[in-house]
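Enquirer: Sequence:
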Amino acid sequence: MISFWSSQFIFSGEMKGKVTLKITKKDKFGQVLARPEFQGIENFVIPVPAGLLGVLMKELKLGAINAAFKTWNVDDVAVGLNRLAALVAKGVKVHHDIWSPAEKAVDPRKRDTALFYFPVEKKGPFALVCAGGAYLTPASFVDAFPAAAELNRLGYTAFVLHYRTGRHNRWPAAQEDLRQALHTILTRADVFNIDPTAYALVGFSAGGHLISSLGKNQLGYRHWGLPKPGVLILGYPVTIWENMTWIHKTCLKMIVGKKPTQAQMEEVSILPYADGDFPPTFIMHCWDDQMVYFRNAQALADQLKTHGVPYVLRDVPHGGHGIGLGTGTQAEGWLEEAVGFWQAR
Numbered sequence: 042m043i044s045f046w047s048s049q050f051i052f053s054g055e056m057k058g059k060v061t062l063k064i065t066k067k068d069k070f071g072q073v074l075a076r077p078e079f080q081g082i083e084n085f086v087i088p089v090p091a092g093l094l095g096v097l098m099k100e101l102k103l104g105a106i107n108a109a110f111k112t113w114n115v116d117d118v119a120v121g122l123n124r125l126a127a128l129v130a131k132g133v134k135v136h137h138d139i140w141s142p143a144e145k146a147v148d149p150r151k152r153d154t155a156l157f158y159f160p161v162e163k164k165g166p167f168a169l170v171c172a173g174g175a176y177l178t179p180a181s182f183v184d185a186f187p188a189a190a191e192l193n194r195l196g197y198t199a200f201v202l203h204y205r206t207g208r209h210n211r212w213p214a215a216q217e218d219l220r221q222a223l224h225t226i227l228t229r230a231d232v233f234n235i236d237p238t239a240y241a242l243v244g245f246s247a248g249g250h251l252i253s254s255l256g257k258n259q260l261g262y263r264h265w266g267l268p269k270p271g272v273l274i275l276g277y278p279v280t281i282w283e284n285m286t287w288i289h290k291t292c293l294k295m296i297v298g299k300k301p302t303q304a305q306m307e308e309v310s311i312l313p314y315a316d317g318d319f320p321p322t323f324i325m326h327c328w329d330d331q332m333v334y335f336r337n338a339q340a341l342a343d344q345l346k347t348h349g350v351p352y353v354l355r356d357v358p359h360g361g362h363g364i365g366l367g368t369g370t371q372a373e374g375w376l377e378e379a380v381g382f383w384q385a386r
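Residue numbers 42 to 386, in this note's numbering, belong to the letters of the sequence shown in order.
Keep in mind that the hints were calculated from the coordinates and are not lab data. Each hint should be verified, as a subset may be incorrect.
Calculated cross-link-like contacts (lysine-lysine; reagent style DSS-like; alpha-carbon spacing at most 30 Å) [claimed, not checked]:
#1 K66 to K164
#2 K102 to K145
#3 K134 to K111
#4 K99 to K145
#5 K269 to K163
#6 K111 to K145
#7 K163 to K99
#8 K63 to K99
#9 K111 to K269
#10 K145 to K294
#11 K300 to K290
Between beta-carbon pairs, the in silico distance windows are [stated by the list, open to error]:
#12 K99 to T368: 36 to 44 Å
#13 E307 to T286: 34 to 42 Å
#14 T65 to G92: 24 to 32 Å
#15 H348 to S141: 36 to 44 Å
#16 K294 to E378: 19 to 27 Å
#17 K164 to L101: 34 to 42 Å
#18 E144 to G298: 36 to 44 Å
#19 V96 to D318: 27 to 35 Å
#20 K269 to R150: 23 to 31 Å
Idealized CB from N, CA, C, for every residue including glycine.
When you get a sec, could you build the whole thing from the sequences and use the hints?
Expert: Below is the structure:
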């Protein structure tokens with residue numbers, strides 16, 4: 042049986058028998074973005090900077106990203122992109138708006154949002170995934186799309202949120218997008234064929250900070266009238282604002298500016314507001330992470346232990362930052378283990 046995991050091609054019912062070649066790491070970014078499956082959504086699929094840098098990036102092959110980001114798994118990137126392309130080719134509406142045209146007219150920045158739908162046939166719980174990217178831009182093609190594809194393989198419908206980032210989108214813009222995305226999913230449960238009573242939030246790096254903010258006892262899921270997540274699944278998350286690396290500092294600067302007030306810091310802090318009602322949490326983090334230090338994971342785990350919240354800390358000696366699914370590293374299989382933790386709750 043041919044599947045999107047191993048086939049050389051994507052077979053499309055919608056394309057009347059035409060066959061679309063599978064995306065590989067030998068493809069250029071420009072070629073991927075020019076594919077018919079991604080037209081109209083290409084800026085969300087792979088954000089490309091404006092100007093000369095963007096022109097140069099489009100001429101690079103996917104495999105070339107390892108020259109700058111050695112921990113990114115290009116094979117997993119291709120799997121995620123192929124899953125998205127396969128769904129479009131099958132006629133699935135993968136792109137959904139979370140804000141109405143009227144809301145976007147009032148605040149044009151809300152145009153920079155998107156919700157991607159990765160369905161499975163069986164109705165059941167769902168997961169919402171938020172990529173990392175230092176709050177500069179969500180790098181969904183790096184970790185979120187591969188995670189959604191893996192969740193599909195494990196039998197779960199997944200969504201990927203492209204949330205607002207950058208210095209023009211201070212906090213709580215990203216959290217507003219997360220809340221709105223959940224509202225959109227939950228109110229369209231029949232359309233999406235999901236069980237609205239059971240869901241997980243999955244977040245990487247800055248995305249891990251974002252989803253953790255919904256677990257807080259201050260401006261968290263209870264405050265916003267959302268059902269409690271069944272689990273938070275965190276890959277190398279940002280949880281503290283001390284002993285920061287330059288990329289960690291960039292996260293903070295993007296959401297609160299260079300001189301945040303005490304009130305702003307309270308809004309974006311996680312640990313002081315993680316009490317006994319914090320959702321069960323699975324954390325994966327590498328000891329040798331030089332972008333977001335392992336101490337972030339340990340500090341959250343210690344806080345959850347203090348309050349009796351079920352948690353797992355999957356500490357990995359080697360791997361670094363941005364490893365996504367961890368394929369080919371000591372972290373390989375961690376997302377499946379996290380799903381098992383969720384299933385056991």
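Enquirer: Failing hints, ascending?
Expert: 1, 2, 3, 6, 7, 9, 12, 13, 16, 18, 19
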